[in-house]
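K.L.:
Join these two chains into a complex; the hints should help.
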Amino acid sequence: MDRINFYQLLELPINPPENDAQVITEAIKRKQMAWSRLRNHPTKGIQARHYISLLPEIQKVMADSELRKQEAEAALEDLKKRLETIFKAVDRHIDLIGSKGDISSQEIDNIAARHDIKPQMVQKRVARWQKRRGSPAVLQIQHQLINGKLSDQELDKIAEQNGIEAAIARKIHQQLLDQRQAELDDFINIQVRKGYMTQAEISGLAAVLPFDEGEILRRIRCPIKKAAKKEETQAYQMDSTVEQVIIENLKIVGHDSLYSFLGLFPGTSLEALQNKAVEKENEIRKISQKDAVLTASGVLVGQCISIFKSDESRYAYDLSRARLLLKKLNADIDLAATSKNIPREQYNFLMRQAIRFGALPEEAHNHIREYCQSKGLNISLPKKKINYKRYFLVAAVVLLIISIGGGSFWFIYYRQQRIEYEYLNMLAEASRQKTLEGQLGRIEKYIKQQQDQEYIERAQKDIDGLYKRIEFRDLKKMQKEKDAFEATQEYEKIATSIRGFMTKHPQSAHNPKLKKALDQLPELIDKRDFKRVLDIPPKNYAAVATALSNYQSEHPKGRHIKEVDQIAKRIAKPYYQQLVRELKTCEKDQQWDQCIALSAPYIGLFKDSRYAVRLKKRRDGYERSRQGQEIMVALRTKAGGPDAEPAVLAQAYRTYLAQNPYSPARDIIKTELGSLEAELDRQNVQAELKRLRRLLPQTKGRFREKAQETVLDTKTGLTWSMIDSGLDKRECMTFDEATQYVSRLKTGGHTDWRMPTVKELQAFYSGSNPFKTKSARWYWSADKIRRYSGEWVILVDVVAPSNHGNVKKRVADECGWARAVRR
Amino acid sequence: MSEAIKTIFGIDLGTTYSSIAYVDEYGKPVIIPNAENQRITPSVVFFDGSEIVVGDVAKESAKLYPNEVVSFIKRSMGEAYFVYEYDAKQYRPEEISSYILRKVAQDAEQTIGEKVKDVVITCPAYFGINEREATRKAGEIAGFNVRQIINEPTAAAIAYGTVQETENRVVLVYDLGGGTFDITMIDIQESSIDVICTGGDHNLGGKDWDDRIVAYLVQEFQRQTRSEEDILEDPDTWQDLQLSAEKSKKILSQRDKTPISITHGGERVKVELSRDKFLEITADLVERTIALTNDMLKEAKAKGYERFDEIILVGGSTRMPQVAERIQQEFTVESRMFDPDESVAKGAAIYGWKLSLNDGLITRIAEKTNRNPEEEDIIETTPKQIMDEVAKEMSEETGVTLSAVKQSTMSIRDVASKSFGVVARRPNDEEGVFNLIRKNTTVPMEIRRTFYTPEANQERVLIRIMENETGDKVVPVEHSIEIGTAVLDLPAGLPEDSPVEITFNLDREGCLHITALETSANRIVQANIETSSVIQGKELEDAIARAQHLVVH
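The listed protein sequences correspond, in order, to chains A and B. Position 626 of the first sequence, counting from 1, maps to 626 under this note's numbering, and the rest follow consecutively. Position 529 of the second sequence, counting from 1, maps to 529 under this note's numbering, and the rest follow consecutively.
In short, the hints are calculated from the structure, not lab data. This one's a predicted model, so the numbers in the text were calculated from it and none came from an experiment. Don't take every hint at face value.
Pairwise CB distance ranges, derived in the manner of DEER restraints [what the hints assert, rightly or not]:
| id | chain 1 | residue 1 | chain 2 | residue 2 | range |
| --- | --- | --- | --- | --- | --- |
| 1 | A | 278 | B | 250 | 28 to 38 Å |
| 2 | B | 88 | A | 64 | 25 to 35 Å |
| 3 | B | 88 | A | 79 | 57 to 67 Å |
Using 30 Å as the maximum straight-line C-alpha spacing, the simulated DSSO-like pairs for lysine-lysine come out as follows [unchecked claim]:
| id | chain 1 | residue 1 | chain 2 | residue 2 |
| --- | --- | --- | --- | --- |
| 4 | B | 277 | A | 280 |
| 5 | A | 480 | A | 539 |
| 6 | B | 406 | B | 6 |
| 7 | B | 303 | B | 270 |
| 8 | B | 63 | A | 29 |
| 9 | A | 286 | B | 6 |
| 10 | A | 375 | B | 277 |
| 11 | A | 88 | A | 171 |
| 12 | B | 63 | A | 44 |
| 13 | A | 29 | B | 277 |
| 14 | B | 473 | A | 44 |
| 15 | B | 117 | B | 298 |
| 16 | A | 468 | A | 516 |
| 17 | A | 504 | A | 477 |
| 18 | B | 250 | A | 276 |
| 19 | A | 476 | A | 445 |
| 20 | B | 89 | A | 60 |
| 21 | A | 584 | A | 617 |
| 22 | A | 328 | B | 89 |
| 23 | B | 473 | A | 286 |
| 24 | A | 276 | B | 384 |
| 25 | A | 638 | B | 473 |
| 26 | A | 327 | B | 270 |
| 27 | A | 327 | B | 277 |
| 28 | A | 746 | A | 784 |
A virtual CB, placed ideally from N, CA and C, is assigned to each residue, including glycine.
Next comes chain B alone, as it looks inside the complex (with noise of 0.2 Å):
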């Protein structure tokens, strides 16, 4: 491959198991093994002293050093109080996300021998703005320039897309994960992916059915111990007990039952688990996947998808049989599992593939036509002609395909997971949230509302931003949460009912900007939104100082 195209790598940083790949020079995507030959690397940091271990090594001490060892990080990305602390310090999510994401690229730099410096990291496509912000700092925090998050699903897609050469279809991406459910309806089409609609649960995925089996272990031992003592409440026993349930919850996916033996205060008991013990105890969780899936296609119906083609299952846990089996009762579609470990990192790497290419592009482009790259429908305005000229110059260049060149300004559509809004009186004098933009409404958009003082001679407008997932118009205020607020100083003696015009600009990868403008005064704030739910200022700094002397094993 030609050095005029950068590498831009895609990682996939999943609640239970991550990975990294990116685009070889014959176009294909390709998954890099981690320093132990393994392909997906187990998301588990272990705090060693002043080393930092990450991956199967961690997650074997956590059975011997429960307190030094963190698993499942993903599920508190973006939450405001959830602290570790070790040796006196105290970590964010971010941070140590960041390990995880370290120990992927530091792997990957080994193997092809080329630096990791751009990425496209992936989250749920059910993330809110929060949860992503936090996931871009891991990535800064990292050390990556990172070039954009993009959905899980919507990487599926991608690599689906690519893969399968029929015509346009309709298909529904079920994707259960380790920690989190994503259900997602896609329109791929020859030269667009369009995502219609989104839905899901960012706290539902395979760990759940893991505690589950912890729980029966526990109820087992003390039925036969006959004793009342929680079991849990040792560290030792919790975590043992936490990687047996994950290894028969894979057992129980090839086999009828599974023997487990828990040892705990000195007493040892065997337990049989068998598959049906098994599907009795989470029944529950896949009826919550089918419901979510039943509510997110009444959704996909009100926007004209009344009908799809296929279903396919991405996500580790998409493994146990009987999630295709209950889909298939469900859906009479056929569903097919479609690479569940490795289909979203490659999707992501296949993106920042053609993110690049498309770079390339737009600097010839630009070149060409005089014009300023950074103009942003330069593609668009180019004539076709020269778009072709440039495009073969390009694939002349760098020995990239003609075909490949030109499917890199394929475009892909996501939609918005949440609503979006402001809180404001309605006229009725209650407080609401109103949205600006709405659920599952195509990104990017941007949207403009003008809104009014409710006093005279107001000083300053506090706009609190607001998130939620209902796609109403108006919605309560204890139904959403505030992810963020900014002011607006308004100049003095303005009568009462002046406007104040807001705009909400989501952007590609879900993130939001906010401008208000008093128009009295053209007074406009650029309203960064001030949130304390994801790492920022003098503890961003420190992680990041921090991260620049850490090994990461």
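This is chain A alone, in the form it adopts within the complex (with noise of 0.2 Å):
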């Protein structure tokens, strides 16, 4: 559970678990109340915010038997892990005083009080203690390699003063060594983290462990500075309110550090690092759920852009975290202090837990220093000295030397140093490097830098050795794609690997044999595709053809080309009956694409063979009408689909026909049109004869309606078409083809339809009246004039409704209407 514990949270008895709702209930108010108070305290006001936030789940959690009967074992589980924590750091403290040899029963007392548990407990821990630490030689070794590693007549000696056997006393030096090289290479494995080692961290590790700084250089991958910048900055220090803001707000989002916050290492670029800061802010700014964890990540993003904007605040914040691990070693130099000095053996191990939390070296022989003092205790340095300060003397003396122009051997053994570093740091960056390429790559940049003639070789040497590696891991793997591609019968992608392999090492040994592998694929295909052929069912026409176009274009010359030729003659007949009967089919159901699918293979293989002649005529028809109804779906789809409004989809083919007349989809779409515009026609039609029905009770018994589709009017006994020619054809006629469309009616049964007169229209269309519509704005009538002007024209009498019967005279070829009349 990543939250904390509500029993530990609302300090409630866990074992065994309060179960009082009531208790619960005062308990929660009592926080709640407490919280409040605290909302606004300058140091835990995010704190106690994050709690008032947590009170609806502790209510929800705490309410619920089962959810609560979960926290308490939480809680339980909770506490055995702190119990494990502290007897580990009470295992710390027993080593670290057993240093010098053992342990007093005051300092046992100690121990206990300072952990807060029983001294029988601390006893108990003690006496595994006594069990593990070994026999007096094992403690004298370990004593004498404070002081560096042990010579063999040191040995001899230790082995005679304790009795034993010389071979054992090497071979408990040896594993003490194999344990201190364990915390040499943790040490190294936290500080890689920030990219590079400085020098004065391989003295300090030096001083503390039994090895020398060449021994420890073998064992550092990464570059090493010299830290002149550090010195520097040395003086920096971060201010303490700022570090304690920092480092209460990180508790709240659960980090150690603001790396760790931002979700970057310690050794990122300042850069990246303010851009991360920005991003992280911005990212905080979107999340409307204000919590603590929230308000506390808001300090730090400020925090980390103030901290992160120079080298010189950042190595503060570096400074300030390395000493916070450093606090931790103040218990332990106060446990250690019980006479008022600290052993040398106190000393080492002290330093040695300093490097184990990742502390430098020098802060941490500093810390333990003034921290002493502060308490006036003396410690007791060993004999190797530290000296942190040593290679800068050395770079002062070489410059010091050769601004006085004397290029002595200083100066020589310092830039073979140097060179050697160079060197070595670049094999540990190459190394780090993931692939052999990567790792050749940094070698070769090294080459190209450096310009002693000596290294160059020791690097082309290296080189030399990592082609050779390149070499035998690309042979491996092309072998193996080789295997792959066999059991599959693809000699086409072996003959892709083998050519790969053959162009990035075309020196190699392995290419004659190579070669001839090539060579002897095109044979192998040209099996392999012959006896596809014939592993086909011979009746299975479609794939049999497809299998022999295949083999004709890809072996024009091929070993079987004749036997492939005759085969295809005999199935040349068959086969195309076969497809006509199934091409049926597919016409049939207007399946166009498999129409086309069908008769390709048979195209492909007898190209212009008189069937196949045909068989293209017929496809490219296929295509056609593919394309046809490619245009057709398109249309309706863009019209709404299968629910398309019948008006809707009628003007998208309209549109379509007016912009593509020569459209392969032309005829289907003109018939579609066609019945479309039919069954409009009859929609508008039944939707007009609707309404004038609705109508025509309204009329006082003016019009009444007769046999389908016609109307009397009472007042003049005449019989009219209650549709007209707008609604009846939808669209307008010259007088000629109303006179002609009048008199081929047949609605109502009747054959004796006419064009009515003027004085018929006006008659029909005085006084309110549903048939005033707009399909139609005038009506012909029957009265008519020829008149000169020009030429002869036939002047015609119209009438339009919807003016009050106004007569007009137009010309006989214009465009109108027509309502037909019988009596």
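P.N.:
In structure tokens, the structure reads:
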């Protein structure tokens, strides 16, 4: 569980767990008041707000018996874990105190008091320690190791003193050395995270561990910096208030440094840190749930922005972190200093402890010294002197010597060592590359920059070795692929693979053999492809045809080309006959794609034969039909899919036809459009009839519907067609067309329809009248005259119903409307 | 001034200080001092037996009675679980805030001899729905007719706009108060004040600077006494240090260093705090305001505002010299401090005055044109001639100048400081918040959107109303806060994908109204937002009842 345990938060008993609802409710209420009070506390405010925001969940969990049970179990589990952590610390303290040889009962009491546990518990752990620490010889070797590795003579002497064999003493010595080696490696692993190590760190390690600098250097796989910059910025100190603000807010968000808060390594560049901080800030701002974690994150982002602004402020922060870790040592020093004195064994132990935290040796040494001074404690330093400044001194001396012009031994020594470091660093860097090519690149870069012939040769040797490794790796890979493709008869891929290898390694000793293998491949492919033809059941004409075409195109001069041609000749006719039968089915279903697919293998194999030419024609027809079909589908989809309004669809068809008069879909669209329009006409007519039938009863008996779609005007005794030409034919017509239309009309089963006179029309449209519609602006009448104006024209009287039956004369060629009448 | 104009007071309810203002008979906004003759009153409440003490006395009592004094209550507005208990009674932030309102109003009544009834209260632009509602409730508990809640930067801009006679300009209002930070871009024109964009953090203010000093003092005490005791565990010391910190912060705005003495557990430690140290331990706080400002400018740019003419600084914390310095360094535009403590209350008073004049105008127009004064667009749709006549009449009757009357129709447009939406399913079946109203759109605004039911025969729809800080169309649920829920009962037998139409209406003062409509049966739900974050129901009634019998000193 990530969040804090509610039993612990509410300070309720865990074993057995508190289950009384009343007690729990009161505890929650008490906490709510306390947290509300701390809501604006300068340092605890954010934490308090966090707890306040947890209240709904606390109430939910603690009110539910099942959830509460789980919570109590989790609390118990937590308690156990905390005890384990305490024992770990106790063991560490026992190791520390015991490093001088023994542990007094007073010291046991001290440890017990320190961890708030019973002395008996410490006693038990001391007993374990005694078993673990081994014989007096071990102790003696351990002590002497502080001053460096032991010589064989020294080991022989210890063996003699303790009455053991010299070989055993050496074995113990080696074991202890291995242990220290592991400690060293752990420290290096922490330090390389920042991307480099400094010379001072190496010296510091050499002072504490039984190894000299050369030995340490060999285990380091990262660049070594001289850390001159660090010297400059050494004086910079971060303010402890800011430090505290950061620590407290980090605690709330559950991180241990600003680096891990940003999710970046401590070695990340300043720019990347800044960018990430800004990114994080935007992220935070997007979240509305401004709980304590977010508020704390906001504070931390602010700190990141101001700390990661310059190298100086960043370094100040790094120093502050290291100091913070070192504070953990204070408790240990207090424990160790029983007699106002820190023995050198314990000093060594403390230093190693600090190094295990990841603190830098120089910092650790200074911290221990300062803390001891403030507590009035003496330290016995080991004989192995610590000299952090030595390298800078060396550098200074070198500079001095160079400046006075003496290209002396010092310079050569220094230069030699620098080149050696650079070379080792480069190798270390190269070995961290993920690929062999990456390593190669690194070393090649080194050669380009290096001037020393000896080192160029050394690096060249490294490169030769790498080339061999790369060639071997590629060969193995290629062979593996070859085996796999052989099994699946993918000979073409084998060829690609072999060619790839040969291009990359033109000088390889394997190439002649590979070339031979490559030459054998075409024959294998020929054989495989012909076998494929034979493997197909002979009546499966389409598949056989495909395989034959494939063989013909791939192996025009193939070994089996004659046999292939014969097979083709044999199947030409039966295949065609079968194909025609199949095509009929797909034609019937209008599955044009299928038809095209069916005819493809035949056309592909027989190209210009008689049958193939016939098939091609057929196929072209299918293509056109398919295009037409696609266009139709697209038009329908555009108009709204299967539920498209007929009017919309018709409009879409019309627009399409207008824009694409030669479309392959022309004929089908026209047919479809015709039936659509007919349907629309029918709908319009029906709608109009419906409207009229609804309105006729409101004419006070003047109009009565008679036989189908005819109406009797009781005022004049004339019978009219209810539907006019506009609605019936959906288009206007000339006078002659109108006359013809009227005379051919069979509405209501009558055949004596005629064009009305002006008077009849005027009478029909007089008064309130449902027949005044928008489908026609005016109607032809039967009254006409001939008149000369430049040429002879026929002028017809027309009546506009909506304009009070107004009469006008129009030329008979104009486009108008007609309503039929009969007596 | 004639009786025809009702006085509407403007109250700046601040995190650390509050004040009240009105517009006098000359049309000038005036701050009304409290009974102690101070123009601003500390927003601190002291529960003294059966009495409530607000202001300086309360603040000074914090040292002696730390557990009976409540400060910074504004930061808890809209927080559901904040409770202060005194004498076995529990108080919500709204009620405690109401005492502060009562105090400033009561003192004003005595000074000018007029009853405070109608008020305009200000709140940070960055307040969300719940915090605004809580502010309104505080006014109601105090017994006021809360005419409107307006944004602090807008109020400052109104005050600024009325003294500034120059032509149109775009200003940045950098408002760093005691507890909140608002950054707002405002376009001031002759006849309108338009807010373009707003941003900020309502947990960043002068108090954070104080807190850093307190933390520093604690460290110094520990260093000098070589102890590791957390002296803030002691409420007396905490309050003492909090007050010392505020004082030294103010001194450091004028001088280079200040001595502070810390007394705790019989030990006394002297600390000297230099301005450099102060700057060092608070550098990140200024940086945060700059980052928030840049962020807002980015959004303004998206709305077509690429530049601004000047920066005005309001809020007491802008007195710290480093603020103006850092702004100058970042934006190169000259910043100017504008009445940092009083401009907000004054702006609110001017706003109230305009409301009042506007009321008068509307009543007259309604009489003249036989229309209903409730009609929303009555001013916009009245012919100019009638408007002029009415304005003239009103000017003559009330003695207010004609131009002032006409100016009262000036439009003030604010923007939404947050985005609002509902939880719905995305096409990939994940839940997300679909923002109907997006941050920084002009209010009032109404928007309607149709959602579809995920299941057939669904009996009801639960509408989760969410608030968030991004302008994105869809926002993850975990990035939003739920500000309320509403339930829409559906008729039986509805198929899957039945449409439900949801309407969000964000009014002028940032209050959200929601309607949901099930279109097949035309069933409407007036979704009153149910929220536990704001005092309501019996608790509210109790608070109002208590307030009637309470005397605030």
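K.L.:
Look at each hint and say if it fits the structure.
P.N.:
Now for the hints, and whether the structure bears them out:
Checked against the hint of 28 to 38 Å, the C-beta distance between residue 278/A and residue 250/B comes to roughly 32 Å, which is consistent with it. Our hint of 25 to 35 Å for residue 88/B and residue 64/A holds, since their Cβ atoms are close to 29 Å apart. Taking 57 to 67 Å as the suggested C-beta distance range, the pair residue 88/B and residue 79/A does not conform, at roughly 35 Å. Note on residue 277/B and residue 280/A: the hinted pairing holds, with a Cα-Cα distance of about 27 Å set against a maximum of 30 Å.
For the hint pairing residue 480/A with residue 539/A, the CA-to-CA distance comes to about 39 Å; that exceeds 30 Å, so the pair is violated. A C-alpha spacing of about 17 Å is found between residue 406/B and residue 6/B, which places the hinted pair at or below 30 Å, so the restraint holds. In summary, the hint linking residue 303/B to residue 270/B is not supported, as the alpha carbons are separated by about 53 Å, beyond the 30 Å threshold. Distance check on the hinted pair: residue 63/B and residue 29/A sit about 26 Å apart at the alpha-carbon level, within 30 Å; holds.
With a CA separation close to 43 Å, the supplied pair residue 286/A and residue 6/B exceeds the 30 Å bound. About 29 Å separates the Cα atoms of residue 375/A and residue 277/B, which keeps this hinted pair within 30 Å; it holds. Between residue 88/A and residue 171/A, the direct Cα distance comes to roughly 28 Å. Compliance with the 30 Å bound is thereby established for this hinted pair. This hinted pair checks out: residue 63/B and residue 44/A have alpha carbons roughly 19 Å apart, not beyond 30 Å.
Simply put, residue 29/A and residue 277/B have alpha-carbon atoms about 41 Å apart, too far for the 30 Å limit, and the pair is violated. Proximity of residue 473/B to residue 44/A is assessed by CA-CA distance (about 37 Å); at most 30 Å being required, the pair is judged violated. A C-alpha spacing of about 41 Å is found between residue 117/B and residue 298/B, which places the hinted pair above 30 Å, so the restraint is violated. Only pairs whose Cα atoms come within 30 Å are accepted, and residue 468/A paired with residue 516/A is accepted, the gap being roughly 23 Å.
With a CA separation close to 13 Å, the supplied pair residue 504/A and residue 477/A stays within the 30 Å bound. The hinted pair formed by residue 250/B and residue 276/A fails the criterion: a straight-line CA distance of about 35 Å is larger than 30 Å. Note on residue 476/A and residue 445/A: the hinted pairing holds, with a Cα-Cα distance of about 28 Å set against a maximum of 30 Å. For a cut-off of 30 Å, the pair hint linking residue 89/B to residue 60/A stands: about 24 Å separates their Cα positions.
About 15 Å separates the Cα atoms of residue 584/A and residue 617/A, which keeps this hinted pair within 30 Å; it holds. A distance of roughly 46 Å separates the Cα atoms of residue 328/A and residue 89/B; the hinted pair therefore is violated under the 30 Å criterion. Taken as a hint, the residue 473/B and residue 286/A pair is honoured in the structure, with Cα atoms around 13 Å apart against an allowance of 30 Å. Taking the CA atoms of residue 276/A and residue 384/B, the gap is near 58 Å; set against the 30 Å cutoff, the hint is violated.
Distance restraint check for residue 638/A and residue 473/B: the Cα-Cα separation of roughly 29 Å lies within the 30 Å cut-off, and the hinted pair is therefore satisfied. Straight-line distance between C-alpha atoms of residue 327/A and residue 270/B comes to about 26 Å, which keeps the hinted pair within the 30 Å bound. At most 30 Å may separate the alpha-carbon atoms for a hinted pair to count; residue 327/A and residue 277/B meet this at roughly 24 Å. Distance hint between residue 746/A and residue 784/A is fulfilled; the C-alpha atoms sit about 25 Å from each other, no more than 30 Å.
Against the hints set out earlier in the document, violations occur for numbers 3, 5, 7, 9, 13, 14, 15, 18, 22, 24.
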